[in-house]
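Asker: Residue-level listing of the chains:
Protein chains: 2
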Amino acid sequence: MKAWALLGAPKQLWPNDLKKQLLAAKKNGDLIIGVDRGTYLLEEMGIKADLAEGDFDSLQKNELAAIEKNVNDIRYSLPEKDLTDAEMVIRCAFIDYHASHLSLFGATGGRLDHFLSNLFMVLKPGFNQFAESIELIDQQNSIRFYNNGQHLIEKLPTYKYFGVIPLTAVQNLKITGAKYNLTDFSGNNPVSFSSNEFLPNKDQFELSFKKGTVAVIQSRDIDRFQNIK
Amino acid sequence: MKAWALLGAPKQLWPNDLKKQLLAAKKNGDLIIGVDRGTYLLEEMGIKADLAEGDFDSLQKNELAAIEKNVNDIRYSLPEKDLTDAEMVIRCAFIDYHASHLSLFGATGGRLDHFLSNLFMVLKPGFNQFAESIELIDQQNSIRFYNNGQHLIEKLPTYKYFGVIPLTAVQNLKITGAKYNLTDFSGNNPVSFSSNEFLPNKDQFELSFKKGTVAVIQSRDIDRFQNIK
Chain E
1 MKAWALLGAP KQLWPNDLKK QLLAAKKNGD LIIGVDRGTY LLEEMGIKAD
51 LAEGDFDSLQ KNELAAIEKN VNDIRYSLPE KDLTDAEMVI RCAFIDYHAS
101 HLSLFGATGG RLDHFLSNLF MVLKPGFNQF AESIELIDQQ NSIRFYNNGQ
151 HLIEKLPTYK YFGVIPLTAV QNLKITGAKY NLTDFSGNNP VSFSSNEFLP
201 NKDQFELSFK KGTVAVIQSR DIDRFQNIK
Chain Z
1 MKAWALLGAP KQLWPNDLKK QLLAAKKNGD LIIGVDRGTY LLEEMGIKAD
51 LAEGDFDSLQ KNELAAIEKN VNDIRYSLPE KDLTDAEMVI RCAFIDYHAS
101 HLSLFGATGG RLDHFLSNLF MVLKPGFNQF AESIELIDQQ NSIRFYNNGQ
151 HLIEKLPTYK YFGVIPLTAV QNLKITGAKY NLTDFSGNNP VSFSSNEFLP
201 NKDQFELSFK KGTVAVIQSR DIDRFQNIK
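Chains as they are written, first to last, in this note's numbering: chain E, 1 to 229; chain Z, 1 to 229.
Among the clues, some could well be false.
[To be verified] Some chain Z residues near chain E, calculated using beta-carbon distances under 7 Å:
(1) Gly109
(2) Arg111
(3) Leu112
(4) Asp113
(5) Ser117
(6) Phe120
(7) Leu123
(8) Gln140
(9) Leu182
(10) Ser194
(11) Ser219
[Stated by the list, open to error] Each computed DSS-like pair below joins lysine-lysine, with the alpha-carbon atoms no more than 27 Å apart:
(12) Z/Lys211 / E/Lys124
(13) E/Lys174 / Z/Lys81
(14) Z/Lys160 / E/Lys11
(15) Z/Lys81 / E/Lys160
(16) E/Lys19 / Z/Lys11
(17) E/Lys155 / Z/Lys81
(18) E/Lys81 / Z/Lys202
(19) Z/Lys174 / E/Lys124
(20) Z/Lys19 / E/Lys124
(21) Z/Lys155 / E/Lys81
(22) Z/Lys124 / E/Lys174
(23) E/Lys211 / Z/Lys211
(24) Z/Lys124 / E/Lys179
(25) Z/Lys124 / E/Lys124
(26) E/Lys81 / Z/Lys174
(27) Z/Lys69 / E/Lys210
(28) Z/Lys20 / Z/Lys69
(29) Z/Lys211 / E/Lys210
(30) E/Lys211 / Z/Lys20
(31) E/Lys11 / Z/Lys19
(32) Z/Lys210 / E/Lys211
(33) E/Lys81 / Z/Lys160
(34) Z/Lys179 / E/Lys81
(35) Z/Lys210 / E/Lys124
[Said to hold, decoys possible] The following residues of chain Z were derived to be distant from chain E, with all beta-carbon distances above 12 Å:
(36) Lys2
(37) Ala9
(38) Gln12
(39) Lys27
(40) Ser100
Keep in mind that the hints were calculated from the coordinates and are not lab data.
Positions of the beta carbon are idealized from the N, C-alpha and C atoms, including for glycine.
The task is simple: from the sequences and hints, build the whole structure.
Answerer: Here it is in structure tokens:
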């Protein structure tokens with residue numbers, strides 16, 4: 001079963017077709033998760049969450065009441081907790097609900113210490129095992145994670161560019177079959193090899209490395225006036 | 001001399017008072033840098049860049065002509081270059097113009113492989129020496145960087161929260177004098193200790209660590225409807 005979670009980062013960074021994606025997921029019987037204010041944002045779209053998680057302290061009483069009436073499984077967290085909301089979602093989705101894949105929306109932008117917390121959580125013990133089944137998605141980006149090994153990265157429709165971002169120390173990192181290849185990179189610090197592209201008529205590239213965790217971000221431009229659509 | 005650079009990430013993530021800040025900087029004789037499309041966005045605000053850098057391939061002919069007429073020092077880069085635009089700006093600002101501090105706007109959001117490239121560039125040899133003089137600023141965030149040692153972090157006006165984010169392996173990291181203190185953290189991977197706060201009536205906290213580079217992000221919420229203002 002796939003799981004889809006909506007967190008509380010700015011709405012204007014949502015993919016344009018978020019509602020359509022979530023309605024299709026709902027229809028498919030997938031697990032829909034609301035995270036804190038994200039649960040109410042789902043309600044506003046007319047989508048009932050199967051599971052809600054958060055301290056809900058940013059909600060008005062009537063907003064929380066609507067959630068408590070509609071959502072069957074609510075996990076109340078303490079504001080001063082050890083796990084972040086996104087980390088609790090990972091535990092619920094993969095351990096309690098045995099999800100096979102988790103797509104997170106509303107997890108980028110806004111307060112960047114939150115975004116980086118969402119980006120780096122897959123490096124933690126207890127979470128790293130789920131890294132390859134997690135995706136962060138916003139209007140311009142899809143972020144996937146890979147642990148050491150050999151990977152074939154498939155081009156997603158509508159994305160033009162990609163970046164390969166070692167988040168940890170990595171050894172013998174290779175990118176082959178892309179516009180800009182990398183023959184053998186080892187390093188101790190995070191680095192972003194950005195603005196790479198798939199080859200024309202080749203909708204995949206090969207990524208391999210011997211140690212560590214790497215993010216692959218597929219991305220697209222917005223209009224030339226630099227406005228968020 | 002201080003330097004201020006505008007990159008090309010989405011306008012709607014600019015601080016609300018960006019134009020006012022840049023006009024005050026211009027009046028003060030500071031160095032104003034346009035980066036690629038950012039140069040034209042400065043023109044649109046009526047602010048002449050002292051230095052422009054980029055491949056300018058996203059500009060129309062008449063837009064580039066206006067820049068070439070108005071800006072004295074233009075550095076044309078190749079699209080397939082080794083340094084990113086932000087890295088070229090760092091070299092120009094600190095080495096050629098001997099700037100004492102560089103504030104970067106338009107360096108967050110948008111394509112996140114670009115943002116992470118801007119975030120991680122201070123870890124590279126040749127750039128790390130300038131880490132403590134660089135700030136990335138957007139509507140909700142101020143990102144500063146610190147190398148190993150003892151630091152007193154001053155609260156910036158209008159920001160409520162902060163996060164401490166080891167970007168590299170760190171040893172014996174301590175946060176004292178804050179809402180949530182950390183007594184002795186060592187780790188090999190990046191991690192974001194997010195959602196911390198300054199103590200009431202105390203506009204600073206102490207940060208120390210023995211190895212590595214740490215980002216401190218001061219941040220603020222947007223309105224409860226999660227719209228970007």
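Asker: Are the hints correct? Go through all of them and say.
Answerer: Each hint tested on the structure:
For the restraint placing Z/Gly109 at the interface with chain E, the shortest Cβ-Cβ distance is roughly 6 Å, inside the 7 Å limit, so the hint holds. Against a cut-off of 7 Å between C-beta atoms, the interface hint on Z/Arg111 holds, since the closest Cβ of chain E lies about 4 Å away. At about 5 Å, the closest approach between the beta carbon of Z/Leu112 and any beta carbon in chain E falls short of 7 Å, and the interface hint on this residue holds. Restraint check, Z/Asp113 versus chain E: the minimum CB separation of about 3 Å is within 7 Å; hint holds.
Taking 7 Å as the C-beta cut-off, the interface hint given for Z/Ser117 holds, the closest approach to chain E being about 4 Å. For the restraint placing Z/Phe120 at the interface with chain E, the shortest Cβ-Cβ distance is roughly 5 Å, inside the 7 Å limit, so the hint holds. Restraint check, Z/Leu123 versus chain E: the minimum CB separation of about 4 Å is within 7 Å; hint holds. With a least beta-carbon distance of about 6 Å to chain E, the hint placing Z/Gln140 at the interface is held under the 7 Å criterion.
Proximity of Z/Leu182 to chain E is violated relative to the hint, the smallest CB-CB distance being about 13 Å (cut-off 7 Å). At about 4 Å, the closest approach between the beta carbon of Z/Ser194 and any beta carbon in chain E falls short of 7 Å, and the interface hint on this residue holds. Checking Z/Ser219 against chain E by beta carbon gives a least distance of about 4 Å; that is within 7 Å, so the hint holds. At most 27 Å may separate the alpha-carbon atoms for a hinted pair to count; Z/Lys211 and E/Lys124 meet this at roughly 20 Å.
Among the hinted pairs, E/Lys174 with Z/Lys81 is consistent with the structure: their alpha-carbon atoms are about 19 Å apart, no more than 27 Å. A distance of roughly 21 Å separates the Cα atoms of Z/Lys160 and E/Lys11; the hinted pair therefore holds under the 27 Å criterion. A hinted pair counts as satisfied when its Cα atoms are at most 27 Å apart, and Z/Lys81 with E/Lys160 qualifies at roughly 19 Å. As the CA atoms of E/Lys19 and Z/Lys11 are separated by approximately 25 Å, the hinted pair is consistent with the 27 Å bound.
Using a Cα cut-off of 27 Å, the hinted pair E/Lys155 and Z/Lys81 holds, with the two alpha carbons roughly 24 Å apart. Of the supplied pair hints, the one linking E/Lys81 and Z/Lys202 holds, its CA atoms being roughly 23 Å apart against a limit of 27 Å. Our distance criterion of 27 Å between C-alpha atoms is met by Z/Lys174 and E/Lys124, whose separation comes to about 20 Å. Restraint check for Z/Lys19 and E/Lys124: not satisfied, since their Cα atoms lie roughly 41 Å apart, outside the 27 Å limit.
Distance restraint check for Z/Lys155 and E/Lys81: the Cα-Cα separation of roughly 24 Å lies within the 27 Å cut-off, and the hinted pair is therefore satisfied. Only pairs whose Cα atoms come within 27 Å are accepted, and Z/Lys124 paired with E/Lys174 is accepted, the gap being roughly 20 Å. Taking the CA atoms of E/Lys211 and Z/Lys211, the gap is about 22 Å. The hint holds against a cut of 27 Å. Taken as a hint, the Z/Lys124 and E/Lys179 pair is honoured in the structure, with Cα atoms around 24 Å apart against an allowance of 27 Å.
For the given pair, Z/Lys124 sits about 24 Å from E/Lys124 by alpha-carbon distance, which is consistent with the 27 Å threshold. Proximity of E/Lys81 to Z/Lys174 is assessed by CA-CA distance (about 19 Å); at most 27 Å being required, the pair is judged to hold. For the suggested pair Z/Lys69 and E/Lys210, the alpha carbons sit about 51 Å apart, so the restraint of at most 27 Å is broken. Restraint check for Z/Lys20 and Z/Lys69: satisfied, since their Cα atoms lie roughly 24 Å apart, inside the 27 Å limit.
Pair hint Z/Lys211 plus E/Lys210 holds up; C-alpha atoms about 25 Å apart against a cutoff of 27 Å. A threshold of 27 Å between alpha carbons decides the hint, and for E/Lys211 with Z/Lys20 the separation of about 47 Å lies outside it, so the pair is violated. At most 27 Å may separate the alpha-carbon atoms for a hinted pair to count; E/Lys11 and Z/Lys19 meet this at roughly 25 Å. Note on Z/Lys210 and E/Lys211: the hinted pairing holds, with a Cα-Cα distance of about 25 Å set against a maximum of 27 Å.
Distance hint between E/Lys81 and Z/Lys160 is fulfilled; the C-alpha atoms sit about 19 Å from each other, no more than 27 Å. With a C-alpha separation of about 13 Å, the suggested pair Z/Lys179 and E/Lys81 falls inside the 27 Å cut-off, and the hint holds. Restraint check for Z/Lys210 and E/Lys124: the C-alpha separation of about 22 Å stays at or below 27 Å, so the hint holds. Distance check on Z/Lys2: its Cβ is at least 23 Å (rounded) from any Cβ of chain E, clearing the 12 Å threshold; non-interface status holds.
At roughly 7 Å from the closest C-beta of chain E, the C-beta of Z/Ala9 falls inside 12 Å, breaking its exclusion from the interface. For Z/Gln12, the shortest C-beta to C-beta distance to chain E comes to about 5 Å, within the 12 Å cut-off, and the non-interface label is violated. For Z/Lys27, the condition that its CB be more than 12 Å from all CB atoms of chain E holds, with the nearest at approximately 26 Å. Remark: the non-interface label on Z/Ser100 is consistent with the geometry, its nearest Cβ contact in chain E lying 25 Å away (cut-off 12 Å).
Violated hints, in rising order: 9, 20, 27, 30, 37, 38; the structure is consistent with all others.
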